[in-house]
Amino acid sequence: MADYLVIVESPAKAKTIERYLGKKYQVKASMGHVRDLPKSQMGVEVTDHFTPKYITIRGKGPVLKDLKSAAKKAKKIYLAADPDREGEAIAWHLAHTLDVDVSSDCRVVFNEITKDAIKESFKHPRPINMDLVDAQQARRILDRLVGYNISPLLWKKVKKGLSAGRVQSVAVRLILERENEIKAFIPEEYWTIKGEFVKDNEQIEASFYGTKDGKKELKTEEEVKEILSKIKGNQFAIQSVTKKERKRNPAVPFITSSLQQEAARKLNFRAKKTMMIAQQLYEGIDLGKEGTVGLITYMRTDSTRISDTAKQEASEYIVTTFGKEFLSTETKVAKKNQKAQDAHEAIRPTSTLRTPNELKEFLSRDQLRLYKLIWERFVASQMAPAVLDTMTVDIENNGIIFRANGSKIKFPGFMKVYVEGNDDQDEEKDRILPPLEQGEKLVLKDAEENQHFTQPPPRYSEARLVKTLEELGIGRPSTYAPTLDTIQKRGYVALDNKRFIPTELGEIVVSLVMDFFPEIIDADFTAKMESSLDEIEDGNVDWVKIIDEFYGDFEKRLKIAEKEMEEIEIKDEPAGEDCEICGHGMVYKMGRYGKFMACSNFPECRHTKAIVKDIGVDCPSCETGKIIERKSKKRRIFYGCDQYPKCEFLSWDKPIARKCPKCESLLVEKKLKKGIQVQCISCDYKEEQQK
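If you read the sequence shown in UniProt numbering, its first letter stands for residue 1, the second for the next number, and so on.
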């Protein structure tokens, strides 16, 4: 019989840890929280110092019964939930339920689930940290006070099922404000001139830079014509050649937000999926003879710190695999966020020696892709900077200057392993210029003038929104994924081409909350509240005081809103067609995933249908149907025939209303990293890529 009982959150984690601890330890899973505030009521005694009323979570009875039975037989109980506020709160609730003294050495924390880390952590058990518990409890109560007071008001004034929370309301507001910026944006015209020069049969591409008086922007076609008219002949002279050596440093190891951003850019993962797969890698994967092993460190962290042991192992791997010159010689000090929980490390592999290639047979496709991303980022972070040779060449004719830029990698350094993605632009390939010297002559072969218009700011992708929330100090590592999930489930925003757009419902809710509860939706206020929660965690302030300061003004605003908020009726908009079942008119309704069509004779007739978009292209398969835009179960856009299921034509690429000039087949717009390319579905015909 085991002498010690260890309780963790999940069965996978329990299975991994039990292997390392031996026969004297029994490891069981609580399956997350065992107590929480009730769903049917607020569960907070406002008049009694905001005392929470916790109840056993429905369905957890059998789990608790099993834990209590095991606890009675154990000499000592260890609570080993995750090393963060949430984990500390889970441990505290378990201690309360199992009559464990919170001031005893009952709490065990570890940053990675490996044999050495687990054994070391059990040598240093500690009491439950009540400051961490209070910080989590304060957040939970604060969110409950906001949600359970504003949500019923929105139900009453707008429609049932709505909710408002501190972080989610700010996220929707950011998306809405960006949409308004886009609508208000007025494009400005500008022009560029691209010159194609020749030297000894080598082509050199350069762009118009300016005149002898300095850099010049071209606003109109007339200005372009004026510049071109000043060029005398096609002989240009190299005015100057500037050569520089530039260092490029590697990115720091992942924290939660940067992992979510990079997984979105490079793997096309949603934040929720990234965290789910990271959890699996952290809790442990069966590696055959080696058994179940945790492959990465804890994935909810805002610290970039790396342990000395991990650095040493990475250094040895880099020297052995790539050579000593690829190892960073700099003493790297992690940039510490003031509020980073520095007990954690950055997200890294638990062993650099477990390369992605060696783990292929044990991981699913998505697990391998995410592990590879984490492994490469960490290894690259410990490598030497890349060194690039850059060259800038100014080419002149009669005071008109064109400029060519080129670069080549002199020493790849960390780029041998990994290069960080970029939201704003794709990584440009190196453009290598031939050897050029001041005074040399070049011949202008062609000058291409192009009209452009300035673009509005882009809509938020998941990665960009996470980055913005982090920069504003809103939310914490554990909140980003659930926040993005919630605002979509509520129907406040929708994803269009992987970018967030606000729905009509989202606009209404944000408008009402801004009018009556401006502090809830104010980014600065929300960030300040996050700082207050951190102060509670640090033991610098009492959590009841923070809640009390907030609730005084909030309660006043709530009473005003009850009286003055007008009821808003979201009227059903006629869809312009009749129901196929009963003949009544169809109307547009707002649902979880945006608008859809439903019969106006509801509830007698429950017929609904998706809103389809005719793209004006005849079906190439049946020749009688029309191609329409559809959405898959995962909300991905594809194109199919409106005669489905009679005609099963479909395409992930958007068809266009032109036929291939080569074979008369369908042309489609293929989305590439740097733009769109029109190509044929049957032959090798392709058109020049459009940005």
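Hints were generated in silico from the structure; no laboratory data involved. Among the hints, erroneous ones may be present.
Each computed DMTMM-like pair below joins lysine to aspartate or glutamate, with the alpha-carbon atoms no more than 25 Å apart [said to hold, decoys possible]:
hint, residue 1, residue 2
1, Lys65, Glu120
2, Lys559, Glu45
3, Lys273, Glu471
4, Lys613, Asp578
5, Lys72, Asp105
6, Lys408, Asp394
7, Lys157, Asp143
In rising order, the numbers of the hints this structure does not comply with: 1
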